[in-house]
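Since chain A is already given, all that's left is putting chain B on it; use the hints.
Note that the protein sequences, when read in sequence, are chains A and B.
Mapped onto my numbering, the consecutive letters of the first sequence carry residue numbers 278 to 438.
Mapped onto my numbering, the consecutive letters of the second sequence carry residue numbers 108 to 194.
Any given hint might turn out to be false.
Some residues of chain A that are not near chain B, with every Cβ distance over 10 Å (derived) [said to hold, decoys possible]:
#1 S289
#2 G356
#3 A388
#4 G406
According to the in silico footprint, chain A covers these stretches of chain B (three or more CB under 8 Å from chain A) [said to hold, decoys possible]:
#5 128-142
#6 171-179
Honestly, the hints are just simulated from the structure, not real lab data.
From the three backbone atoms N, C-alpha and C, an ideal C-beta is built for every residue, glycine too.
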Amino acid sequence: MRPINVMIPEGSLLSAPFPAPVGGYTETILRMIDVIFSAAAGAAPDRVVANAYGTINALSISGKRENGQPWVMFSFYGGGHGGSVESDGLNHGNAPISTATIPPMEILEAAYPVMFKQWALRPDSAGAGMHRGGMGATYEIEVLEGGGAKAFLWCQSLLVW
Amino acid sequence: MDGQSAALNVFSYEQEDGWHHPPMASKMVGIKLKQGQSVRLDTPGGGGYGAPSERVPEAVARDVAAGFISAEQATKDYGPAWQEIRT
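Chain B on its own, in the form it takes in the complex:
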């Protein structure tokens, strides 16, 4: 299969000295939080199907316009062809 990998899980949490972004482990325990502090979970996407080079540029441009993918990442994954599309 030619589809590409998705982004990995990222778990972050707030402490008195700011945000902590520890290396991902399968289990994270004992994180103590105070009132007003937050945790943040960025979950993975799904894997792609088929070669990115076969994605129609209109679909890439639509995703960029919707904010699903950044312009930089879109060009990295799919090449510059989407930039010619007017959305």
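Isolated chain A, as found in the complex:
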């Protein structure tokens, strides 16, 4: 267990000085996890897992109810984790930056005027390997009260390996 040195030059993406505009740190953290694990794979391939789905999948749907009350359903959604020397990757896990869970659809449907028409594992989404990656998911969400509803998605779509 030797320590490693992490060098982050001032003025780079990871060390942006004021007043550089910054935001969306979840995507950057997830990318850094992938970069660090991928670098470690060269030294200890049997001790790292392959990359997970690489984004927080932040999806926001908002609108107004018929009585005028505004609502915002902002949630993170899951994806597949990487395979390891021991096993296939986790199917439909939450992003590996925290212990925050994916909210159950029953809770979301109870709190917001939406209906989940699909909440499913996504076939053919896992990366192939001796131990394949975990599977991503498919969510299909219907808006039940129009009221000027809008959708907003924040994610990255990088090749996960």
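Using the frame of chain A, we list chain B on its own:
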């Protein structure tokens, strides 16, 4: 590492003229929805570990039987050996 890449994110949304499947961008904003319209998010899987050629055919056959992977994709990724396995 010999593991392969997973499927990419796909975001689709419904409008009056049907489903839209725009090219993926890191941020999608201002999509207006009416009552009864849906959005769909297909999220990526995880990366594979080790060469696909080293996956045991029984595991591939099990995934096909479970619907985790299509027969076509399984043969493309792992070759035809899994087709000999009875599940």
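Exercise for review: State the violated hints by number, sorted upward, taking the hints as numbered earlier in the document.
Suggested key: Checked against the structure, the hints that fail are numbers 2, 4, while the rest are satisfied.
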